[in-house]
Amino acid sequence: MVFEEKEYMIGDKKILLRSAKTEEAQLLVDYLKTVCGETRFLLCDPDEVKYTAESEAEFINEKNSSEDSMLLLAFVDGEYAGNCSFQPIGSRRRAKHRADIGIAIYQKYTGFGLGRLMLEQLLEKVKELGYEQAELTVVAGNDRAYHLYESLGFKECGRIPKANKYQDGTYADDIHMVKEL
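In this text, residue positions in the sequence shown follow my numbering: the first is 782, and each later residue adds one.
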């Protein structure tokens, strides 16, 4: 699904939200390697990111041509800042009412409302498509994200203890959250 390009202002920052373009595939691969190194709250370490520009271009095309999922990019004052996406939890009838949400933003663009704006726009699309609930996972300790999700109506519905094991031997739980639409 393609997101119609929209501009917003947050304070003095000009925000552009739009769908990805295939020529941005390498940008997205490089971004993923960087954001995974900026925080312990994403799925992997930077050296585990094995996507290529070609595979990412395929992913972009799949999202843009999809009728039930979307990839939304954010730019702040003309610079790429991060993205969020949704896709169905599954293809079976019993799960088609559920959307899985994901978001990641460069650390220098967090803390001023960009994540909230991105998620509000994404959730609007999720609801328009007829999904009945949105679901996401947040790593324990990511308090800012947890509180953002709570403020958007997500409720904690379960935890997986020690779901994440870090190279230093420490662990963090996964917290599952759901929002009725």
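Derived from the structure by calculation, the hints contain no laboratory data. These figures come from a predicted structure and were not determined experimentally. Check each hint, because a few of them may be wrong.
Unchecked claim - Below, a list of computed lysine-lysine pairs in the DSS-like style, where the Cα atoms sit at most 30 Å apart:
| # | residue 1 | residue 2 |
| --- | --- | --- |
| 1 | 794 | 814 |
| 2 | 936 | 906 |
| 3 | 802 | 787 |
| 4 | 906 | 877 |
| 5 | 787 | 946 |
| 6 | 936 | 802 |
| 7 | 943 | 814 |
| 8 | 877 | 908 |
| 9 | 877 | 960 |
| 10 | 889 | 936 |
| 11 | 877 | 787 |
| 12 | 794 | 906 |
| 13 | 814 | 787 |
| 14 | 795 | 960 |
| 15 | 877 | 794 |
| 16 | 787 | 908 |
| 17 | 794 | 908 |
| 18 | 889 | 877 |
| 19 | 814 | 889 |
| 20 | 814 | 802 |
| 21 | 844 | 814 |
| 22 | 936 | 908 |
| 23 | 946 | 802 |
| 24 | 844 | 936 |
| 25 | 943 | 877 |
| 26 | 877 | 795 |
| 27 | 795 | 814 |
| 28 | 908 | 795 |
| 29 | 794 | 844 |
| 30 | 908 | 960 |
| 31 | 960 | 936 |
| 32 | 943 | 889 |
| 33 | 802 | 831 |
| 34 | 943 | 787 |
| 35 | 794 | 946 |
| 36 | 831 | 814 |
| 37 | 908 | 946 |
| 38 | 889 | 906 |
| 39 | 960 | 906 |
For each hint, the structure was consulted:
1. 794 <-> 814: holds (25 Å)
2. 936 <-> 906: The given pair, whose Cα atoms are some 20 Å apart, holds under the 30 Å limit.
3. 802 <-> 787: Status holds; Cα separation ~15 Å.
4. 906 <-> 877: Given that 30 Å is the threshold and the Cα spacing comes to 15 Å, the pair holds.
5. 787 <-> 946: Distance ~39 Å between residue 787 and residue 946 Cα, so the pair is violated.
6. 936 <-> 802: violated (33 Å)
7. 943 <-> 814: holds (23 Å)
8. 877 <-> 908: Holds. Residue 877 to residue 908 sits at ~13 Å (cutoff 30 Å).
9. 877 <-> 960: holds (15 Å)
10. 889 <-> 936: holds (27 Å)
11. 877 <-> 787: holds (28 Å)
12. 794 <-> 906: Holds. Residue 794 to residue 906 sits at ~24 Å (cutoff 30 Å).
13. 814 <-> 787: holds (27 Å)
14. 795 <-> 960: holds (29 Å)
15. 877 <-> 794: violated (37 Å)
16. 787 <-> 908: holds (18 Å)
17. 794 <-> 908: holds (27 Å)
18. 889 <-> 877: Outside the cut-off at roughly 35 Å; violated.
19. 814 <-> 889: holds (15 Å)
20. 814 <-> 802: Distance of about 19 Å is within 30 Å: holds.
21. 844 <-> 814: Holds - the C-alpha atoms of residue 814 and residue 844 are around 20 Å apart, at most 30 Å.
22. 936 <-> 908: holds (17 Å)
23. 946 <-> 802: violated (34 Å)
24. 844 <-> 936: holds (27 Å)
25. 943 <-> 877: holds (29 Å)
26. 877 <-> 795: violated (36 Å)
27. 795 <-> 814: holds (25 Å)
28. 908 <-> 795: Distance of about 26 Å is within 30 Å: holds.
29. 794 <-> 844: holds (27 Å)
30. 908 <-> 960: holds (11 Å)
31. 960 <-> 936: Status holds; Cα separation ~6 Å.
32. 943 <-> 889: holds (28 Å)
33. 802 <-> 831: Status holds; Cα separation ~20 Å.
34. 943 <-> 787: violated (40 Å)
35. 794 <-> 946: Given that 30 Å is the threshold and the Cα spacing comes to 37 Å, the pair is violated.
36. 831 <-> 814: holds (9 Å)
37. 908 <-> 946: violated (34 Å)
38. 889 <-> 906: The given pair, whose Cα atoms are some 26 Å apart, holds under the 30 Å limit.
39. 960 <-> 906: Holds. Residue 960 to residue 906 sits at ~14 Å (cutoff 30 Å).
Comparing the model with each earlier hint shows violations of hints 5, 6, 15, 18, 23, 26, 34, 35, 37; every other hint is respected.
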